[in-house]
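**Student:** With chain A's structure known, arrange chain B on it following the hints.
If you want the building blocks of each chain, they are given just below.
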Amino acid sequence: MGGGKPVRNSGEGTRRKFLSMGAAVGGALMACSDSGDTPAGGGVKRTGKPPDEYGERSPFEKSARRGSVSKYPEAGSTRTPLQDSHGIITPSSLHFERHHAGVPLIDPAEHRLLIHGLVERPLILTMDELKTFPSVSRIHFIECSGNSRGEWKSKKGATAQISHGMASCSEWTGVLLSVLLDEVGVKPEATWLIAEGADACKMHRSLPLEKCRDDVIAAYGQNGEAIRPEQGYPLRLVVPGHEGNINVKWVRRLMLTDQPAMGREETSKYTDVLADGKARQFSLTMEAKSVITRPSGGQKLARPGFVEISGLAWSGLGLIERVEVSTDNGATWTDAALQETRQRIAFTRFRLPWTWDGTPTVILSRATDETGYVQPTVETLVEARGRNSDYHNNCIKSWKIAADGSVTHV
Amino acid sequence: MSDRARGYWPVFAVTVLLVGAGFAQSSKYEVGRAPAADEVQAWSITIFPDGTGLPEGSGTAAEGKEVYARRCSECHGTKGRGGESSALVGGQGSLKSAKPLKTVGSYWPYATTLWDYVNRTMPFHNPGILTDDQVYSVVAFVLHLNEIVGENEELNRETLPKVRMPNRDGFVRDSP
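Quick mapping for you: the protein sequence lines, in order, are chains A and B. Once you know that position 270 of the first sequence is 270 in my numbering, the rest is easy, because the numbers rise by one and skip nothing. Once you know that position 158 of the second sequence is 158 in my numbering, the rest is easy, because the numbers rise by one and skip nothing.
Extracted from the complex, chain A is given alone in its bound form (with noise of 0.2 angstroms):
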């Protein structure tokens, strides 16, 4: 492991020579003294610092959720910085996130689930209630409908952080709805579950019941520990491989119903309007998409020579079947390797070897999912809807080497 990695971040070199040391030194890394100042040889001489309760990362990581400043930061977002994710797992810590109404503050001795409408026997829980029954655990993807929203015209994402970023994964833990669905017993007529939140806006979707009944997660558990206030502690709505709006966060109130409620978020918002002016409603599934992450848009090779491609792919269908990867803009494409084991409606890393010639390249990858469906190219989206859907935008992302080897959009 001599030398570091050609890929480096830009504008970060202080960092990234010290990452370069400490690689070289190994664990010395996690007891070194606030100056960085490690002597690549010898080690720490001081004692570092004593166990603690709740551990933070070093001090020298700055990878860092990125949002857009507006007059309205309570409705805002922010984005996973993608580009510096390992493997498969976003930290809960940098989940991306989108609020409605700012983040509430919850106290689950006082939360409750009521579960009421369309059932014979509606039921209000604790939090420490809905625990006692039969509990799951999986990994799944949550993407922002609108992730990749300026791929649909020439505003394109500098950074996958930008064009990609509101996309995280993590393991949810949770009651399967279909587990509450039969405990309430649902009556035959109905069709549809309102789900709200118990935030300032009381954030609502309509889901269909048949989702509901299948892979629904009402899940309490993220990554090990309780979910984070900014994805819905102390309970949300994981509705694998749907846009991220209609997994909603804090949630308290489960309606069943014969009839959507035609919420805003699910008329004026959420829906893509296509070339004719028409709007597809209820568009919720999240297809096939993959990014390059490693190199990415803001990173530079440092040199010609081996660079280990690798990114993220997902599909709101199931399991990544294939990733192909092109060097060459697309001309040829080579099939890179999955990290197993896969997990449906999940990211999926990937990765091929490749060596850099130093010449000015465009490097680009393509998903296919386990129901045989092709990530398609930009121009593929837009012959079907036109440009001003906003939503749902799945396309192939290409990236651009320099002669100098940094990278950038195209």
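Since the hints were derived computationally from the structure, they do not count as laboratory data. Keep in mind that a hint or two might mislead.
Unchecked claim - Quick list of in silico lysine-lysine cross-link-like pairs, BS3-like style, CA-CA up to 27 angstroms:
| # | chain 1 | residue 1 | chain 2 | residue 2 |
| --- | --- | --- | --- | --- |
| 1 | A | K278 | B | K162 |
| 2 | A | K278 | A | K156 |
| 3 | B | K28 | A | K269 |
| 4 | A | K187 | B | K28 |
| 5 | A | K153 | B | K96 |
| 6 | B | K99 | A | K153 |
| 7 | A | K211 | A | K269 |
| 8 | B | K79 | A | K71 |
| 9 | B | K65 | A | K71 |
| 10 | A | K71 | B | K99 |
| 11 | A | K211 | B | K28 |
| 12 | A | K269 | B | K99 |
| 13 | B | K99 | A | K278 |
| 14 | B | K96 | A | K278 |
**Tutor:** Coordinates of chain B only, in the frame set by chain A:
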């Protein structure tokens, strides 16, 4: 067994299964409690397109003008446009253009959605402070700005669901 009789066997089997499932459909885990009727009532704020959930009360655009000026105009502009937040007015006929303007008038398919959204979320920093009458009236005012209802047309639980929005037929259902 005749072909016809054989054809009924699956029906019979399914019936037996359904009846069996019916018996099994009682509380299995015996956790939680049944909510009181008034608890459900208090939590149930969803307004449906057919008007289900709408409360008593009423309002007109004329009455809503003052509510709007006090509670809405700072963000949405004095006449439903030009503010820092979403435009509420205009954009009709723009959905096919290169820059569609999605407003209540040009895009929203149901007037009930506006009632639900205002009641649920507005004003942004202090949702829930409007009375039912104020919600009816400010909804009427926004619809009036869009020339969908008259200035003195009374909106209530009977009339609001009947308001025909310009883009009512503008949506195609994606197969979930």
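**Student:** Indicate, hint by hint, whether the structure satisfies it.
**Tutor:** So, going through the hints one by one against the coordinates:
1. A:K278 with B:K162: holds (22 angstroms)
2. A:K278 with A:K156: Status holds; Cα separation ~25 angstroms.
3. B:K28 with A:K269: Judged against 27 angstroms, a Cα distance of about 39 angstroms means the pair is violated.
4. A:K187 with B:K28: Holds. K187 of chain A to K28 of chain B sits at ~17 angstroms (cutoff 27 angstroms).
5. A:K153 with B:K96: holds (16 angstroms)
6. B:K99 with A:K153: holds (11 angstroms)
7. A:K211 with A:K269: The given pair, whose Cα atoms are some 21 angstroms apart, holds under the 27 angstroms limit.
8. B:K79 with A:K71: holds (20 angstroms)
9. B:K65 with A:K71: holds (24 angstroms)
10. A:K71 with B:K99: This hinted pair holds, its Cα atoms lying about 23 angstroms apart.
11. A:K211 with B:K28: holds (22 angstroms)
12. A:K269 with B:K99: Satisfied, since the Cα-Cα distance of roughly 16 angstroms is no more than 27 angstroms.
13. B:K99 with A:K278: The hint holds at about 14 angstroms.
14. B:K96 with A:K278: holds (8 angstroms)
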